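Make the full structure from the sequences, and use the hints.
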Amino acid sequence: MEDAVVGTVCLLCLLLFLLLTDLETKRVKEAVDRARRRADRRRLRRLLVVRLVAELERIEIRRRRRRRVLLRILARRCSPCVWTHKRADEWWTTVVPGFRNQQWIQNFRMSRGTFKYVCCRLKPALEKSDTNYRPSVPLDKRVAIAIWKLATNAEYRSAAQLFGVGVSTACSCLKAFCSAVEEILLPEVIRLPDTEQQRELALLFEQRFGLPHCVGALGGLQVPILAPREDRTNYLNPAGGHSVVLQAVVDGTGCFWSAYAGQPGSLSYAHILCMSDLWELAETCKLFSQEKRNLCGQEVGHYILGDEAHPLTDWLLTPFADDGSLGPRQLCYNHKTGRAKAVVGEAFCRLRGRWRCLQERNDCSPDRVTSMILTCCVLHNLCERRREPYQEEWEAAPPPSEQDNLLAPTPPPAGQTEGAVHPEGRTELAAPPAGLTEGAALREALMHYLSN
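In UniProt numbering, the protein residues as written are 1 to 452.
Worth flagging that the hints you see were computed from the coordinates, not collected in a lab. Among the hints, erroneous ones may be present.
Said to hold, decoys possible - Pairs of lysine-lysine, DSSO-like flavour, derived with a Cα cap of 30 Å:
#	residue 1	residue 2
1	K175	K123
2	K116	K175
3	K128	K116
4	K128	K141
5	K141	K175
6	K141	K123
As the structure is a prediction and not an experimental result, all values here were calculated from the model.
Written out as structure tokens, the structure is:
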């Protein structure tokens with residue numbers, strides 16, 4: 001029995017030994033396999049690296065070959081590639097510095113002193129720095145290009161050739177100049193008169209034309225343009241041309257204190273007035289001070305003169321419609337207010353004479369033309385206030401749509417004279433008839449005052 005147990009134990013030990021031996025053999029075999037796989041992977045990586053380096057070397061060799069070929073091709077070119085072209089600007093650099101004052105005015109419509117003043121005021125907005133590619137156009141040259149373009153209405157190509165710049169540069173100079181004028185000078189040069197200035201303007205109108213409490217005259221100017229591709233009919237004015245409209249109020253010195261531009265030529269002057277800031281200020285009682293003056297029993301505030309096309313209000317007095325049945329007093333009123341309103345036509349004549357871009361057809365876009373119109377109004381005021389000489393040869397006949405602004409005033413009726421200033425110790429007439437609108441009542445009062 002004991003021998004059987006010993007035999008069983010020996011058999012189990014033998015089986016355990018064989019099992020352990022088999023496991024160890026498998027472990028060693030797996031370790032050898034793992035080592036062989038790692039060696040294979042290392043050998044494969046080395047092979048890939050060698051092939052990649054060889055491919056990169058071939059790519060670099062091809063790149064160097066192509067570069068040598070391109071360099072040989074570029075070396076054969078007749079002219080080098082440049083960023084800017086050398087242009088002739090002898091007129092600006094050589095001729096203009098020798099201009100006498102009369103020559104300067106003939107070319108730039110203002111004296112050298114006024115030109116330098118404009119450059120100084122616009123320097124913060126227009127001055128530019130040189131770049132790594134090319135030097136910037138000097139400030140005075142940029143201003144001169146823009147002013148010469150406004151004064152002559154020549155093509156951009158002509159301005160570019162004369163000043164030795166590119167066509168795109170000439171265009172950008174004009175655009176930047178107009179934007180700078182609108183931003184810096186326009187709010188200062190064209191603005192509503194304050195209370196003291198209203199008194200001065202009213203005194204000037206009364207001294208010149210015998211109109212009490214009048215501070216200006218309202219008129220419109222059609223500026224011819226090239227018909228835009230879109231909305232062509234909207235810019236067609238009654239004269240048959242395409243235009244945008246300038247609405248302006250002129251004081252007794254021929255300067256503008258209100259300017260509104262850009263509306264299409266097909267709109268009536270009354271419609272344009274109602275769309276302007278002038279109308280909004282007047283309707284909110286912010287246009288004039290509340291100072292009143294008694295005329296023939298009627299309290300009259302400050303007012304401006306308009307055309308028959310304008311609405312009659314308490315701040316805008318229009319002439320009587322001449323249907324052939326006007327009485328002597330109405331004719332006298334029309335005559336004397338017409339004489340005063342002639343300042344509008346005279347101002348527009350001088351404006352268009354100095355700046356031919358408003359006189360001849362302007363081929364720029366309507367938005368650009370609007371900016372040019374306002375810029376010209378600012379320059380007009382500067383020239384007039386600095387007493388720049390005006391040459392009659394600059395003038396041209398007004399287009400048909402502006403003839404109403406330049407017509408001679410209605411002659412006074414028989415027995416009436418053109419007194420300038422009425423004495424204060426006059427006999428007041430009866431108050432205007434009741435039932436009239438406020439504007440009509442004021443016009444009646446002024447009519448009685450002027451006919452006395």
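Going through the hints against the structure:
For a cut-off of 30 Å, the pair hint linking K175 to K123 stands: about 15 Å separates their Cα positions. Distance hint between K116 and K175 is fulfilled; the C-alpha atoms sit about 19 Å from each other, no more than 30 Å. Between K128 and K116, the direct Cα distance comes to roughly 17 Å. Compliance with the 30 Å bound is thereby established for this hinted pair. For the hint pairing K128 with K141, the CA-to-CA distance comes to about 12 Å; that is within 30 Å, so the pair holds.
For a cut-off of 30 Å, the pair hint linking K141 to K175 stands: about 14 Å separates their Cα positions. The straight-line distance between the Cα atoms of K141 and K123 is roughly 12 Å, inside the 30 Å bound, and the hint therefore holds.
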